[in-house]
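Using the sequences plus the hints, can you model the full thing?
There are 2 protein chains.
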Amino acid sequence: MKKKGLLIVVSGPSGAGKGTVCSALLKKNDFWMSISATTRQPRTGEQDGVNYYFLTKKDFESKIKNEDFLEYAEVYGNYYGTPKQYALEAIGQGKDVILEIDIQGALKVKESYPQGVFVFILPPSMKELKHRIISRGSETPESLMTRFKSAYKEINYVSKYNYAVINDTVENAVETIQSIIIAERCRVDRVKDEILNSKEGIINEQLYD
Amino acid sequence: MKKKGLLIVVSGPSGAGKGTVCSALLKKNDFWMSISATTRQPRTGEQDGVNYYFLTKKDFESKIKNEDFLEYAEVYGNYYGTPKQYALEAIGQGKDVILEIDIQGALKVKESYPQGVFVFILPPSMKELKHRIISRGSETPESLMTRFKSAYKEINYVSKYNYAVINDTVENAVETIQSIIIAERCRVDRVKDEILNSKEGIINEQLYD
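Which chain is which? The protein sequence lines are A and H, in order. The opening residue of the first sequence carries number 1 in UniProt numbering; numbering runs sequentially from there. The opening residue of the second sequence carries number 1 in UniProt numbering; numbering runs sequentially from there.
Derived by calculation from the structure, the hints in this document are not laboratory data. One or more hints might be untrue.
Pairs involving identical chains hold if they fit within one copy or between any two copies, as the list cannot separate such chains.
Quick list of in silico lysine-lysine cross-link-like pairs, DSS-like style, CA-CA up to 27 Å [as the list claims (entries may be wrong)]:
#, residue 1, residue 2
1, 108, 84
2, 192, 160
3, 110, 192
4, 110, 160
5, 4, 58
6, 84, 149
7, 28, 4
8, 95, 110
9, 4, 27
10, 95, 57
11, 160, 4
12, 127, 65
13, 3, 153
14, 27, 153
15, 58, 153
16, 65, 149
17, 127, 58
18, 4, 57
19, 149, 192
20, 192, 153
21, 57, 28
Next comes the structure, spelled out in structure tokens:
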């Protein structure tokens, strides 16, 4: 029996830095990164199958009907979704799959794949979160306040996750997530059957050799 | 609110190497190692409060009555037990406490302290387990077979634990347990209240500064 990979869902409030953490995590490890599907138009330089899978609205909706997505959402008239098949194939081949996703998406993935590892990235403080949102520079005072209040509310969703990782430095956050992955690979829920089966397999030949 | 330490219970079948793993773990980390209490006589060189707490039978039995032990057992007419007070004090001060203990003891600790981290040390294979039991040199063929069969049965208890760690090399086992400890410190069950409380504390002063 081949050992299954893990689905590691990295999520958290806007401004917590989940994108940066995931990029750093992928650079250091042989993970399989999930690529989203979308119906929005490709921007200049974006490649199908690299940045996104670009689908027509008709194709996307037929895939929704077939339950081909781990989760999907409609944002400003465009669909975005996480294809199920590729991720489950990689997991079946023993690869760990990283999925960077917003909180609503993560909660939907948890419904369809509860055995995933759900990691919530936290800013070191609300002050730092505000600073990060400001330093992006693209916000008006009003939209800043809206984003900040929304991030503040989103932190309540931490209780739906398995782990909370403080992103004080990207390096620390990456190391913590790597430890979480090592720990999860040893969780008895995941390895129990394998241990008990392999024990059965060797007892007769080895007890009396 | 001061962050609590973890109680890490390292256990497993005879011959899996839990003693060696714990010693190596303690050398590399600032953990607090639990010291057992016993009613057996001190051997030459053994010191009270270092190797064991040496108690009279009467004192031990009064402590049993007071529920002063996380677990205890009677072996060949002597009592052995894990004092509760010192371990809980260290945990309350934020220290991680390591407890190396046999399977029966670990299951009793789990009843009284289910929030502990229960780690089951496995030999890399049953063949290697046999080899380790033989190489101790103090066994007759009959007692070897008894010990081996008992270790074989004990492996079934893995399902009562949180984590299974294969002791292929002591270094790997120690690194894996260190990762488990880092991961457990981020488990949402443990840190949720702290996150939500600290969020409440800072929102008013920081939103409008």
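Now for the hints, and whether the structure bears them out:
1. 108 x 84: Only inside one copy: residue 108 and residue 84 sit 12 Å apart there, 43 Å across copies, limit 27 Å.
2. 192 x 160: So residue 192 and residue 160 pass the 27 Å test inside a copy (25 Å) and across (10 Å) alike.
3. 110 x 192: both (22 Å within a copy, 18 Å between copies)
4. 110 x 160: Both: 9 Å inside a copy, 25 Å across copies.
5. 4 x 58: Neither: 33 Å inside a chain and 54 Å across chains, both beyond 27 Å.
6. 84 x 149: neither (32 Å within a copy, 45 Å between copies)
7. 28 x 4: within (21 Å within a copy, 32 Å between copies)
8. 95 x 110: Within one copy, since 19 Å is at most 27 Å while 33 Å is not.
9. 4 x 27: within (22 Å within a copy, 34 Å between copies)
10. 95 x 57: neither (31 Å within a copy, 56 Å between copies)
11. 160 x 4: both (24 Å within a copy, 22 Å between copies)
12. 127 x 65: Neither, since 43 Å and 52 Å both go past 27 Å.
13. 3 x 153: Classified as between; 24 Å across copies, 38 Å inside a copy.
14. 27 x 153: Neither: 31 Å inside a copy, 43 Å across copies.
15. 58 x 153: neither (35 Å within a copy, 57 Å between copies)
16. 65 x 149: Answer is neither; intra-copy 35 Å and inter-copy 54 Å both fail.
17. 127 x 58: The answer is neither: 44 Å in one copy and 58 Å across copies each exceed 27 Å.
18. 4 x 57: neither (33 Å within a copy, 52 Å between copies)
19. 149 x 192: between (43 Å within a copy, 19 Å between copies)
20. 192 x 153: For residue 192 and residue 153, the Cα distance is within 27 Å only across copies (14 Å; inside one copy 38 Å).
21. 57 x 28: Neither. Shortest intra-copy (36 Å) and inter-copy (57 Å) distances fail the 27 Å Cα cut-off.
In this structure, the hints that do not hold are numbers 5, 6, 10, 12, 14, 15, 16, 17, 18, 21, in rising order.
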